[in-house]
Amino acid sequence: MRRLALALTLCAGLAGATDCPGLAGRFEIQWPNEAAQPMRVLADSKDGQAAYRVEIGLPDGRWVPQRTRALQGLYRSELGLLPRCGLEVAGYGLFARSRAFAWTGLPGAGQAEWAFWAGKALLPVQRLGD
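The sequence shown maps to residues -17 to -1, 1 to 113 in mature numbering (1 follows the signal peptide of the UniProt record, and there is no 0).
Among the hints, erroneous ones may be present.
Now the in silico label distances, taken between C-beta atoms and shown as ranges [what the hints assert, rightly or not]:
#1 W86 to W46: 31 to 39 Å
#2 W86 to P42: 31 to 39 Å
#3 L89 to D43: 27 to 35 Å
Don't read these hints as lab results, they were simulated from the structure. Think of the CB as a built atom: it goes at the ideal place given N, C-alpha and C, for glycine as much as any other residue.
Let the hints inform the model, and build the full structure from the sequences given.
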């Protein structure tokens, strides 16, 4: 229920995608001890530039756009350990291939090809298709 309230309050946003091909697709967020939550990453454009839009599925079948920002090598840790390509999704965390987070040693590493880095854990995300 907390995620539902959060999803309803977030504004729509686009994240640049010129340097991060292949993020678009249908996914499911594997929440611990809860039902999987659908998510889709859509290729779009913003001012003529390639971009991604992230939408989270609600139990009633509606899709809620999320505020999103692409990393594109701009948002990196001091050690350069964050992935070059990924999406920062407001209220959910950093979304990228899970191998980009393997160095963290956080719970959830290696459970899926994709993951959200959310606080002190990695949330596995299953890709369902394009």
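- Message: Hints numbered earlier in the text: which of these fail when held up against the supplied structure?
- Response: Per hint list: zero violations.
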